[in-house]
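There are 2 protein chains.
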Amino acid sequence: MVVLPELRKDPITDRWVIIATDRAQRPSDFAREPVEFTPGRICPFCPGMETKTPPEVLAIRDGGAPNQPGWSLRVVPNKLPLLGIEGELNRQGEGMFDKMDGLGAHEVIIETSVHTENLASMPEKQVERVVWAFRERVLDLKKDKRLRYILLFKNYGAAAGATMEHPHSQLIALPVVPKRVQEEMDGAIKYFGFKERCVFCDLIRQEMKDQTRVVSETDRFVVIEPWASRFPFETWILPRRHQSHFESIDQKDLEGLAFVLRSTLRKLERVLEKPAYNFVIHTAPVQDAASDYFHWHIELMPKLTKLAGFEWGTGFYTNPTPPEESARFLRDAGLS
Amino acid sequence: MVVLPELRKDPITDRWVIIATDRAQRPSDFAREPVEFTPGRICPFCPGMETKTPPEVLAIRDGGAPNQPGWSLRVVPNKLPLLGIEGELNRQGEGMFDKMDGLGAHEVIIETSVHTENLASMPEKQVERVVWAFRERVLDLKKDKRLRYILLFKNYGAAAGATMEHPHSQLIALPVVPKRVQEEMDGAIKYFGFKERCVFCDLIRQEMKDQTRVVSETDRFVVIEPWASRFPFETWILPRRHQSHFESIDQKDLEGLAFVLRSTLRKLERVLEKPAYNFVIHTAPVQDAASDYFHWHIELMPKLTKLAGFEWGTGFYTNPTPPEESARFLRDAGLS
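Read top to bottom, the protein sequences are chains P and F. The opening residue of the first sequence carries number 1037 in this note's numbering; numbering runs sequentially from there. The opening residue of the second sequence carries number 1037 in this note's numbering; numbering runs sequentially from there.
Incorrect hints may appear among the rest.
Any copy, or any two copies together, can satisfy a pair, since identical chains are not distinguished.
Said to hold, decoys possible - Only pairs whose alpha carbons sit at most 30 Å apart, straight line, appear in this in silico BS3-like list of lysine-lysine: (1) K1245 - K1231; (2) K1245 - K1181; (3) K1288 - K1215; (4) K1045 - K1115; (5) K1179 - K1342; (6) K1115 - K1245; (7) K1231 - K1215; (8) K1135 - K1231; (9) K1288 - K1181; (10) K1115 - K1288; (11) K1310 - K1161; (12) K1135 - K1245; (13) K1179 - K1231.
Just so you know, these hints were derived from the structure itself, not from any lab.
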């Protein structure tokens, strides 16, 4: 008897995913490009190279003047920014086509002074500083009312699009709310309109009850493999407490997030042998008031499979590893 | 003076793209993985190996019985289909989550019996057979009213997600109209509601007038680099004549499409040194009547850049090569 694959719908965005249970792949089945360091390269993010970056906008330092060694974390504007902070939006047409100037901000969070560390290997205290810097930069940039959305994300490893080895994350502030963010907001609003409950709060409750897709839980956060995972080992980190904006986190959240982010990355490293990955903080648009319907969270995607024509043509995803399986592998990783 | 990058909006889907004009990349700047053959591998798509695939559903053959050598093109069900044709949709819930069975079809169009050919190198007549087979399979499958959308696409080269070397395209028939297709339909309907004209017909008129993004034109087709190209050398092939459904093409269209598809791929091969690529035929849902607002076309995407956290988080794309530049490179390729 042929077992049909399962089509699963993401409850927030309505996107369908094909979970190909009969070709289910185990962690060792993926062709991986483990993240490795190339020795001897000159790195503009290392201590002593501060003049190779634009002047810092934020730093944690034991001593030393700005843009000198002595720091443990630095935030600097991207040297080749995708968007620039000066000027006007300057919306205009070219016949039927529309364009505007690339106004915004593009910053790099240099997570540590140690070139060979990463978020999984560095001390928990240092991850906490990184998360603190994320919050600080959003709180500062949201004062600029031209900036409508602020995205925090990380590309780790060349396969995930990283061009620099030195541990870093990125921030991009945009003059418009992007289409994908708006879709997620709209999905959450639709659910709230129907149920008068936050879809993410409901999702957390159901996952706590089912337990099959839970990776770990602490008093403040839960880590799950989502129902309609687009990719093998796609992992979400959600705060238990309802909060629409990431930048509203308090000191305890910040500590709790540092712990859970580091421990989740350690599990992924253990099970998938240092995979390349992307993570993105999903949060409500910065100029919006706190809302009952959206719930900030982190989406983490190890880079194990490739998008191809089918995904491009439809927006469907095909995932060869059911989230129940990947959750089990991560729970069994033997790490707290 | 800092030149701000340009944000451009796709007139159909409203997606924004950052065209980073100041870091503009020429064809030689991309790290490429040229598509190459591994000699000596046993190939289940080669003549004499017909028993290695499920029985053919369509073939062009000079002689020989079905599923025997003597063919120049074969269409077979995928051996590991993403979706199966037998059964029912069987929609059901699991708490707040929704699922259904993976009902549909997944077929492989084996484009030629010659393992080492490709759509750019094979005779034009053979490309015509491929396009003919595309149409035949859609016309046959659309009789099954459970199938709501039929996607034709090609992954060429491992970097674009191909797992088999032998020249082939794929067809996937789905029991739902996918989200991305519906978005494109909705965008076209919105434009039609505003202008009472097809957005693609308008786009062709403007591109013919501007000429800056035109790669080539024939009496039946135009080839352009779209205004809001998501990727370097993204290329669209559009029929001049308004038609919502690909499968409505007549014999002359079929010949014209074979010519223009082959010649476009030859130009991309010349300029980008045999790049991996995906193409997807964008067409209206098969069970819908012919419409005034949608216009079928092919979107072709050479695989030169990687998606990273920013793209995942926002649905924005960043393209380091303005379409006006890539159009010029392709026009100058010195091929008809």
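Cross-check of the supplied hints:
no., hint, verdict
1, K1245 - K1231, "within (19 Å within a copy, 51 Å between copies)"
2, K1245 - K1181, "neither (41 Å within a copy, 39 Å between copies)"
3, K1288 - K1215, "neither (32 Å within a copy, 39 Å between copies)"
4, K1045 - K1115, "between (40 Å within a copy, 25 Å between copies)"
5, K1179 - K1342, "neither (39 Å within a copy, 32 Å between copies)"
6, K1115 - K1245, "neither (47 Å within a copy, 38 Å between copies)"
7, K1231 - K1215, "both (24 Å within a copy, 23 Å between copies)"
8, K1135 - K1231, "between (39 Å within a copy, 20 Å between copies)"
9, K1288 - K1181, "within (28 Å within a copy, 56 Å between copies)"
10, K1115 - K1288, "neither (34 Å within a copy, 52 Å between copies)"
11, K1310 - K1161, "within (21 Å within a copy, 48 Å between copies)"
12, K1135 - K1245, "between (48 Å within a copy, 19 Å between copies)"
13, K1179 - K1231, "neither (34 Å within a copy, 39 Å between copies)"
Hint check: violations occur at hints 2, 3, 5, 6, 10 and 13; the rest are consistent with the structure.
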